[in-house]
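One letter stands for each residue in the lines below.
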Amino acid sequence: MLLLFLAALSITSCKDKQEDEVIVYNKNPEAQLNTDSATQTKIITEMPATFGIGRKATNAEIKAWDIDVRADGKGLPYGSGNATEGKVIFTQKCAACHGKEGEGGAYARLVGAMGDTVKAKTIGNYWPWSTTLFDYIRRTMPYNMPGSLKDDEVYSLTAYLLYRNKIIDSTKNIDAKSLPKVVMPARQYYVDDDRRGGPEVR
Amino acid sequence: MERPKEEKEYSFNDSKKINRRLLLGSVAASAVIALVKTTTGQLVPAAVPKPVSVPADPTKLQGPPPGTLGTRSPFEQLAKKTSDTSSRTPLQSLYGIITPSDLHFERHHGGVPVIDPTTYKLVIHGMVKKPMTFTLNDLKRFPSVSRIAFLECSGNFRSGKQEMTPQEICGLTSQSEWTGVMLSTLFREVGASPKATWFLAEGSDASVMTRSIPMGKGWNDAMIAYGQNGEALRPQQGYPARLFLPGWEGNTNVKWIRRIEVSDQPFMTREETSKYTENIKDGKIRQFSFDMDARSIITFPAYPVQLDKGWVEIKGLAWSGRGKILKVEVSVDAGKKWYPTTLQEPVLDKAHTRFRFLWKWNGHETEIMSRAIDETGYRQPTLQQLTDARGADMGGYHLNPITAWIIKRDGSVLFKPEKWK
Chain A
0 MLLLFLAALS ITSCKDKQED EVIVYNKNPE AQLNTDSATQ TKIITEMPAT FGIGRKATNA
60 EIKAWDIDVR ADGKGLPYGS GNATEGKVIF TQKCAACHGK EGEGGAYARL VGAMGDTVKA
120 KTIGNYWPWS TTLFDYIRRT MPYNMPGSLK DDEVYSLTAY LLYRNKIIDS TKNIDAKSLP
180 KVVMPARQYY VDDDRRGGPE VR
Chain B
42 MERPKEEKEY SFNDSKKINR RLLLGSVAAS AVIALVKTTT GQLVPAAVPK PVSVPADPTK
102 LQGPPPGTLG TRSPFEQLAK KTSDTSSRTP LQSLYGIITP SDLHFERHHG GVPVIDPTTY
162 KLVIHGMVKK PMTFTLNDLK RFPSVSRIAF LECSGNFRSG KQEMTPQEIC GLTSQSEWTG
222 VMLSTLFREV GASPKATWFL AEGSDASVMT RSIPMGKGWN DAMIAYGQNG EALRPQQGYP
282 ARLFLPGWEG NTNVKWIRRI EVSDQPFMTR EETSKYTENI KDGKIRQFSF DMDARSIITF
342 PAYPVQLDKG WVEIKGLAWS GRGKILKVEV SVDAGKKWYP TTLQEPVLDK AHTRFRFLWK
402 WNGHETEIMS RAIDETGYRQ PTLQQLTDAR GADMGGYHLN PITAWIIKRD GSVLFKPEKW
462 K
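If you read the sequences in order, they're chains A and B. Per this note's numbering, the first sequence starts with residue 0, numbered consecutively. Per this note's numbering, the second sequence starts with residue 42, numbered consecutively.
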C-alpha cells in the first residue's frame, strides 16, 4: 500500500513528462527491453554527442600550462637574448652537465657543427628546428631546477647554443620573430616514416 | 589416514634444501628496501632476497591468516634490470602474456612524479569548440574500455656480448590490460575540429614531456588509461592517467598526461626530432616512426639456462604494432629450415602472443631462433635485412631483428650477437 502511494506520488510529482522517460543506449535497436511500468523507454542507438561531464577550462589554467612552442614560432613569448648573455648563463647553470662550452660532460654533448668530425648527435648536426631548443630548454632545464629559467634567459641560451654550433653569429638578437627564421642545417635530411607493414623491410 | 610417503619426504627434504640455499644467498638480508648506487651515483632500490623461515613440514604448522595484500613467494626473486635511464622486464621469468604491473619496464625522462589524484586534471584545448578540464573522476564517469596490448620502447634492442638474457636484449616491452576512456569520446566532448590534424600530448613530470600525435590515431584507438591489470595505473606507468596508443612506440604514450592541445601541424618537440628518430640510407633521418614492427624472441632456452638433452619446449613471445601475429616460425638449425609453432590463445591485436615448439635436442651444438609474421604479411627481418634496407649507419630505434641463441654441446645457451657497424 505504501509502495503504491509512493509510486503515485512520484508520478504525479513529475510534471515534466521527460523526467519520466527512461533513456538508455543500445547499439542494437532491436534489443527488447522488458518494460511493464508506466515509464517510457527511449533507446538511443547513437552515442550521445556529449555526456556533459567535465567543465569549461578557464583561460587562466590554459595559460598556466600552454607553454609549447610550435615549429612556426607560435607560442614563443615576449623577450629576447643573445649569445654573449647566453654564455654567462650557460657557465652558471648548464656547464656542469654539458661541459664548459657545450662539448659534453656527464650528459649530452650539445655542440658539433654540421661537417665536423663529432660523432655525437648535436644541435648543429641533428636538430631540425630552432624553435625546439627554446621549447625544450624552457620546459625542463636545468636538470636540477627544471622550468626555472626566465624567458630572456632561455632566449639567450638558445642564441648561445646556435652560435656555438655555427648557425648564427655571436651578436644576433634572438626573439619570437627571429628564432623561427633560423634554419637548422639538419632539417633537409628529415623524412617521414615510410614503413607500412607488408612484406617489404624498410 | 596415512599420507603417501613420497609426498611427505618431498616436502620435507626439498623445503629444507631451499631454506639453506636461500639463507646462504641472503647476505645483506634486511626488512627495509636496500638502495644501490649505479655508475653515475644514482640511488635505485635493489632486489635483496629476504630471509625465509621454512618449516620442516608445512602440514604440521598453521600458516599465517589471510592478509590485506597478497605477496609474491619469497622464493621468486623477480626483478627489473635497471640502468640510469630505464629498467627492463625479466621476459625469461614470466608466463603467459600479462606482465605483472611491478615488472612493467620503465623509461622516464624526468623521473616518476607524485601526483595527487584528487587534484589531478586533464586540459584539452586548441582547435576545439569548447576547451575543457576533466578531473580523474570525470574521466572515470565516461564510458570505459579495456584492452590487452603491449607497450614497447622503440629503443628496445641491445647486443654486443654472448652473456645476455632476453631481459637485457629486449626487456623494454611489457603487456597489460589497460582500462580507460577512448580519446575519441573526449574529442567529441570538447568538439575537436574536423580540420585538426595533430595533437600535442604533454605529461606532468619534470621533463613536461611532449609528443605530437596525428589526430587519426586519436580518433581511432587512442585511450586515456587510468587502469592497469585490474587496479589503478602504477606511478611508473603514469598514475593517475596516461595516453595509451596501441602498437605505437612507447615514448608517444605520454604518462602523467596533463594537457592535450589540438592543432593543425606537429609541434616538432625534442623527443620527436633530436630523439626517437633514426638514421636511414643516404644520410636521411626518419621521423614520426610510430608503429612497432613485428618481432619475436625465444625466452626459453636462453642465456643463462643450462639445457638438458632430450625434449625441450621452446617458448617465446611475438608481437606486432600493426595487428595480430599470424604465425611464428622457429629454426633449430641456424636458419636453414623453419617450422611453424603453436600460438597460445588468445592471439590479440597489437599484443604479446605466446608461441611454443617441441623439439628433441640431441646434444649437438646448434643455433635456435624465431621469426614473427603479422597479419599485414610482414616477416621479422634479420639484422642483415635491416642493414640492407636502412644502411650501415642505421640508428638504434625500431630494431627488431631475428635473435639467435647458440646451444653448446655442454648445454650452455649463449646469445649470438651480430655486428652491423
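One thing to keep in mind: the hints can contain errors.
One-sided excerpt, in silico: chain B residues whose CB lies under 10 Å from chain A [said to hold, decoys possible]: (1) Ser200; (2) Gly201; (3) Gln203; (4) Thr206; (5) Gln306; (6) Asp323; (7) Lys325; (8) Arg363; (9) Asp415.
Straight line, CA to CA, 20 Å or less: simulated DMTMM-like cross-link-like pairs of lysine to aspartate or glutamate [said to hold, decoys possible]: (10) Lys322(B) - Asp65(A); (11) Lys365(B) - Glu20(A); (12) Lys368(B) - Asp349(B).
In short, the hints are calculated from the structure, not lab data. Backbone N, C-alpha and C define an ideal beta-carbon position, used for all residues, glycine too.
Quick one, is the Gly201(B) hint okay against chain A at 10 Å, beta carbons?
violated, 17 Å
The hint names Gln306(B) as touching chain A; please verify it with the least Cβ-Cβ distance against 10 Å.
holds, 7 Å
Asp415(B) as an interface hint toward chain A, with CB separation required under 10 Å
With Cβ-Cβ at 7 Å, under 10 Å, it holds.
With a cut-off of 10 Å on the beta carbons, see whether Arg363(B) makes it to chain A.
The hint holds - Arg363(B) has a Cβ within 10 Å of chain A, the shortest such distance being about 4 Å.
Holds or violated: the hint that Ser200(B) contacts chain A, with Cβ atoms closer than 10 Å.
With a closest approach of 18 Å, the Ser200(B) hint is violated.
Is Lys365(B) close enough to Glu20(A), meaning Cα to Cα at most 20 Å?
violated, 44 Å
Per-residue hint verdict: Thr206(B), partner chain A, C-beta under 10 Å:
Where the cut-off is 10 Å and the nearest Cβ of chain A is about 27 Å from Thr206(B), the hint is violated.
If you draw a straight line from the CA of Lys322(B) to the CA of Asp65(A), is it 20 Å or shorter?
violated, 37 Å
Against chain A, is Asp323(B) within 10 Å by beta-carbon distance?
For Asp323(B), the interface hint holds, since the closest Cβ of chain A sits about 9 Å away, which is under 10 Å.
Is the hinted pair Lys368(B) and Asp349(B) satisfied, with a Cα-Cα distance of at most 20 Å?
violated, 28 Å
Lys325(B) as an interface hint toward chain A, with CB separation required under 10 Å
holds, 5 Å
Regarding the hint that Gln203(B) lies at the interface with chain A, is the smallest CB-CB distance below 10 Å?
violated, 26 Å
This entry does not satisfy hints 1, 2, 3, 4, 10, 11, 12, going by the numbered hints stated previously.
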